[in-house]
Amino acid sequence: MRTEVVSEPGLPDHPNEDFAAFALPADGQGGCLVVLDGVTPPRETGCLHSVPWYTSRLGGGLLELTVSRRDLTLAQALARTIHGTAEAHALTCDLSHPRTPQATVVAVRWSAGSVEYLVLSDSALLLESPDGLVTPVLDDRLARLPRAALATDALVDATLRNKEGGFFTAAADPSVAERAVTGTVPRSRVRALAALTDGAARWVEKFGEGDWAQCFALLRKEGPRALVDRVRLLEHADREERTRLGRSKTHDDATAAFAEL
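At position 120 of the sequence shown the residue is numbered 120 (my numbering), and the sequence of numbers has no breaks.
Keep in mind that the hints were calculated from the coordinates and are not lab data.
Hints should not be assumed to be uniformly reliable.
To be verified - Subject to a maximum C-alpha distance of 35 Å in a straight line, what follows is the list of computed DSBU-like cross-link-like pairs (lysine-lysine):
(1) Lys163 x Lys249
(2) Lys221 x Lys206
(3) Lys249 x Lys221
(4) Lys163 x Lys221
(5) Lys163 x Lys206
Said to hold, decoys possible - So the derived label-pair ranges between C-beta atoms look like this:
(6) Lys163 x Ser50: 17 to 27 Å
(7) Glu222 x Glu164: 15 to 25 Å
(8) Gly183 x Leu91: 33 to 43 Å
(9) Lys163 x Pro25: 30 to 40 Å
(10) Ser68 x Ser175: 20 to 30 Å
Note that the coordinates shown come from a computational prediction; the quantities given were computed from them, not determined experimentally.
Each residue gets a CB set at the ideal place from its N, CA and C atoms; glycine is no exception.
Construct the complete structure from the given sequences, taking the supplied hints into account.
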């Protein structure tokens, strides 16, 4: 089995708010991957804790449950982890604040017989079949919203963030786990997979350098480091004119994980 992961902050003097980890059970049967993209708040959050604190707690807890509790679905594991993380700071922080620390989630668990997956919000999961077909698994609710609805952070927080008709992230409400895109495919239909936070997925989604299949081919041939490096070069080139990035931040935390099963 080949596993590779690269996670890089958008700015060298800013903490990385992403989380990524593989786990391979001691019995040698299967494995799992968890990738989170912490949501950078534009202002105060009602919380004493940082986004990296939250993604570390949520990501570490989800990884542990995904490995040790195969009787739980990934959605159930995520719900339990959100609940446990919320309990860890409920007495000190306002968890009802729309900008309480939160994250996007990709979780994958594979065994000899199946591959289970969960995607919540705008990180991406790519599944490659034995014949080379690449299938993206996306939660595209945010991408489908009209630009006018995303005009300001205040408007998004009031009308769309973790609300019906909007989009959902893992924050303090365990019920959002039920909103995730989930599924199970036979293990025989997946020979490799990759998970990308939106900072790494910019190669496809912002800069249009290729489609998901071409992105996966780059990951397979040159590895996650090459993808992140290419995104950084594209960001630098676009910094002045902002033809592709628009209002997006110039450099975003970028995480790419690849596994050949």
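These are the hints, each one checked on the structure:
no., hint, verdict
1, Lys163 x Lys249, "holds, 24 Å"
2, Lys221 x Lys206, "holds, 22 Å"
3, Lys249 x Lys221, "holds, 29 Å"
4, Lys163 x Lys221, "violated, 40 Å"
5, Lys163 x Lys206, "holds, 26 Å"
6, Lys163 x Ser50: 17 to 27 Å, "holds, 25 Å"
7, Glu222 x Glu164: 15 to 25 Å, "violated, 42 Å"
8, Gly183 x Leu91: 33 to 43 Å, "holds, 37 Å"
9, Lys163 x Pro25: 30 to 40 Å, "holds, 37 Å"
10, Ser68 x Ser175: 20 to 30 Å, "holds, 23 Å"
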